[in-house]
Amino acid sequence: MRIELVKRKEHSQAMLLLSPLIAVALTALAAGIIFLISGHNPLIALYKFFIEPLTQQWSLEATIDKATPLILIGCGLAVCYLSNNWNIGAEGQFIFGALFGSALPILYPDFENVATLPLMLVFGALGGALWALIPAVLKTRFNTNEILTSLMLVYVASLLLDYLVRGPWRDPGGYNFPESRIFSDAATLPDVFGGLMSLSTPITIIIAIVLALVLAKTLKGFEIRVMGESPRAGSFAGFSAKRLTLFSFALAGALAGLAGTMEVSGGLNQLLPTISPGYGFTAIIVAFLGRLNPFGIIVAGFVLALSYIGGEAVQSAMGVSNKIASVIQGLLLFFVLACDTFILYRIRMVSRRVTAGETSHV
Amino acid sequence: MFEAVLLTVITAATPLLIAAIGELVVERSGVLNLGVEGMMIMGAVVGFAVANQTGSGALGVVAAIAAGMAMSALFGFLVLALVTNQVATGLALTILGIGFSGLIGEAFIGVPGLKLPELYIPGLSEIPFFGPVLFQQDAIVYLGFALVALVAYGLFRTRLGLVLRAVGDNHGSAHALGYSVIRIRFAAILFGGACAGLAGAYLSLAYTPQWVENMSAGRGWIALALVVFASWLPLRVVIGAYLFGAVTVLNLHAQAFEFDLSSPFLSGLPGFVTGAIEIATTSQFLSSLPYLATILVLVLISANRRLTLVNTPACLGKPFVPDR
Amino acid sequence: MKSLLKTTVAAIAFAAAGSAAQAADVKACFVYVGPVGDFGWSYQHDQGRQAVEEHFGDKVETAYLESVPEGPDAERAIERFAREGCNIIFTTSFGYMNPTIKVAKKFPDVKFEHATGYKTADNVATYNSKFHEGRYIIGQIAAKQSKSGVAGYIASFPIPEVVSGINSFLLGAQSVNPDFKLKVVWVNTWFDPGKEADAAKALIDQGADIITQHTDSTAPLQVAQERGVHGFGQASDMINFAKDAQYTAIIDDWAPYYIHRVEAVLDGSWKSESTWDGLAEGHVVMAPYTNLPDDVVEMAKATEEKIKGGWEPFTGPITKQDGTVAAEDGVTLDDGAILGMNWYVQGVDDKLPQ
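Protein chains in written order, with our numbering: chain A, 264 to 625; chain B, 103 to 426; chain C, 10 to 363.
Misleading hints may appear alongside valid ones.
With a straight-line Cα cutoff of 25 Å, these simulated DSS-like cross-link-like pairs (lysine-lysine) come out [said to hold, decoys possible]:
{"#": "1", "chain 1": "B", "residue 1": "Lys420", "chain 2": "A", "residue 2": "Lys272"}
{"#": "2", "chain 1": "C", "residue 1": "Lys252", "chain 2": "B", "residue 2": "Lys217"}
{"#": "3", "chain 1": "B", "residue 1": "Lys217", "chain 2": "A", "residue 2": "Lys505"}
Selected chain B positions facing chain A (in silico; Cβ < 8 Å) [to be verified]:
{"#": "4", "residue": "Leu180"}
{"#": "5", "residue": "Val185"}
{"#": "6", "residue": "Thr191"}
{"#": "7", "residue": "Ile197"}
{"#": "8", "residue": "Phe202"}
{"#": "9", "residue": "Phe258"}
{"#": "10", "residue": "Ser275"}
{"#": "11", "residue": "Val330"}
{"#": "12", "residue": "Ser389"}
{"#": "13", "residue": "Ser390"}
{"#": "14", "residue": "Leu400"}
{"#": "15", "residue": "Val423"}
Hint data in this document are derived by calculation from the structure and do not stem from the laboratory.
In this text, all values refer to a predicted model and were calculated from it rather than measured experimentally.
All C-beta atoms, glycine included, are put in the ideal place defined by N, C-alpha and C.
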């Protein structure tokens, strides 16, 4: 007896819906066992982890706020991945975009009017796009592997941020501490609802919806999907792989840069040596969990944010180590990835047979 | 002086070298495992824990290798049997590894570790200069060199290596020829896990003999970069690891050996030159050099089409499901 | 199973009822920047938290969040505590300063305590320790014990606290040997054992036979032990890692302060203050002097007593690196000058990164 995967003729609609539910159930089971072993009441811990954050307005807002940059970056990355462009440097694009977007309020603090904020957002998107275009141009011009160049540029961007915040952009009134000046009100993204979320959330949702429409209904969306699935067919249709590489990187970079600027302007109000707890990397996972579909990404971003907020909740309420939260997060990802397999494949049991391939030895 | 610097470079480069050589084999088989950091940190904590409990450094090293392999087996099962996305699975492996290692390590915080002894190779270790540098190291350093030699020989001089490269370059044809793509890839992934675990053991048992959370501090990611920097060639991994180690260490040495901008020799230079020197000597710029160098090397090798096509595993990151 | 469910339902109902149902009189909460397992900065703060639990027993409940990155997560973590019924919240990293102030505005009834910052409010106090007092003592020991006359200093980031530590160390050393030299290496991290070890090796290779550090791991001391030179523990007593190499350690002991402040919340006397205490108040503690000849131990203890008696290491004459006078003979620098220090004293073999 052996088990093998057989590709389904079309996606299983049932699994499409069931897969995330099964994954969450398996995670909850595994998490319950871990809580039990570490000496906590598993049911209370699971409640605190997965449910309680959804029952209070502030924690719900905190979850949405945490999900926002993940969703925005994830949407851009989805376009890259759909078209076979392996941009894993969104973290760097997030940081560089934030730097670009913050240049205005830091270098010209007196420039305070209605144009300040829109200009910052435009600069932020521009900065992220420029940073993302480096690996894209290297790929199209020199055929350089974009996975590694985009990853390397993450480190360069974060060192650049470090340099600026500790050096030229340091707050003149800040006793040498590594932080920029605090942004004026004109440069601060307004809060919405209870104050834990900023305008970045509605902006992100609008962008995600627009992107979903573009992908589903327009020629550009068709081009992206065709070039991802079959570059040869795409080139017969007259699409240029190189142009698409530049486009998808620029778009992903712009969205990451925009996310960075909105995070700095709406949340931190200043630049610090670290402005991202790994958003750009987490967003890669979000993009895949969301199956590279903007609506899926909204859900995935929310679930992942929930795992952070829930992790904090069990930590503060029950003294559960934050390492357990990170283990649960890892397991959740594994289960989701594994369950998604069954959307595309089904399992077939076959009796052991000796095939020619397995015995020959050339 | 030079000898002392070189000794430091060797210790800084060894964990990078070992993890990178393992990942190189994985990538040659056509699989991209971004979870090196997670496997490495698991090797570090398990190696430390076992060495601490048994009092045997050797057992610690073996356990670290096993831990790395266990992590990689999980990755292998997901990406090979369940055909999950390799990038996302690798990232998830790192998250899991960092959390899990922290849990295991909670009992070992603030506990002094045991350091692997240096092995003096009789006779050779007394040679001036080369002796101390090459023949007075701990076992893992030698093992690292042995691994490079083994991989270099194995990949290009044996049938197994040929098959492995064939699987990485064109899994369809390799499958058609009757090779089990999945098994060969799984074996390669296990080898990569073993190497990452060994690199972790080097951190917690030789480099800085102790356990602290996140002690790998991003070295797994650097190892990933080194593989591409080396354009998937084992001997270039050595060069890359040593360059990387040297840049880090020389940065520290350069600071200790203070370079004075106000010296009369430099004061005559125009402002923008001293300004440029000042920026170029900031620690952030020096720290970013290895990454910039990697990008530059990548561009140089990939601009040369013939070279790239020869060495880049064409199926890197592409899933394989046998059609029957 | 049924009873487990029952208790769970009860517990959830209890939790939902919120902070009104709290058993303890005061809830004290802590936000840490690193893992409690760093055996350095965050570890010592957590030791302080545990001391609070032990001291007050059932009267005080504590909670903590570890590895909270400075950045967007910090504000949320602090706000969570404010909403979960914490009466006093200690935020233990410089980067939490603005988030602390921000959250404090929203929750005027909650007391906030921010470590190492400079911004206060009606419900935000700041606290820090005079680590530089300990550094003066180890500087003296270094100058007595060093054969090469050169010490190596592994520094994290050029913020005032680190710079004043370097200066104080050198002033201490110069009080014993005016020609003493100090090499400084900036590693740009608070915590990376490998890099700290490499820095220690680099310094030893360039002639330093005493290593000291303003980073958190035990790695530099382990290198010192291995290379047969000496050093000092940082934040916690690291003697277990370097039996023969550690002369003493500058221990951060936050317990007295935390107990004192929680007490103040309990009896209603809490006020916003800026606390900056050192050896005298027991916030900075010198680990036992080991591996040292008797006369050096005598000297170190005498200096320790002198500082406890109110003497400030930053007392003139102090000359800056550029030759200008920082303090005339007998003049003591004021707190502001020490807390905002951005210059080296004469004799530091380094250029301060600006």
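Comparing the hints with the structure gives:
no. : hint                 : result
1   : B:Lys420 to A:Lys272 : 20 Å, holds
2   : C:Lys252 to B:Lys217 : 14 Å, holds
3   : B:Lys217 to A:Lys505 : 52 Å, violated
4   : Leu180               : 6 Å, holds
5   : Val185               : 6 Å, holds
6   : Thr191               : 6 Å, holds
7   : Ile197               : 4 Å, holds
8   : Phe202               : 5 Å, holds
9   : Phe258               : 19 Å, violated
10  : Ser275               : 12 Å, violated
11  : Val330               : 4 Å, holds
12  : Ser389               : 6 Å, holds
13  : Ser390               : 4 Å, holds
14  : Leu400               : 5 Å, holds
15  : Val423               : 6 Å, holds
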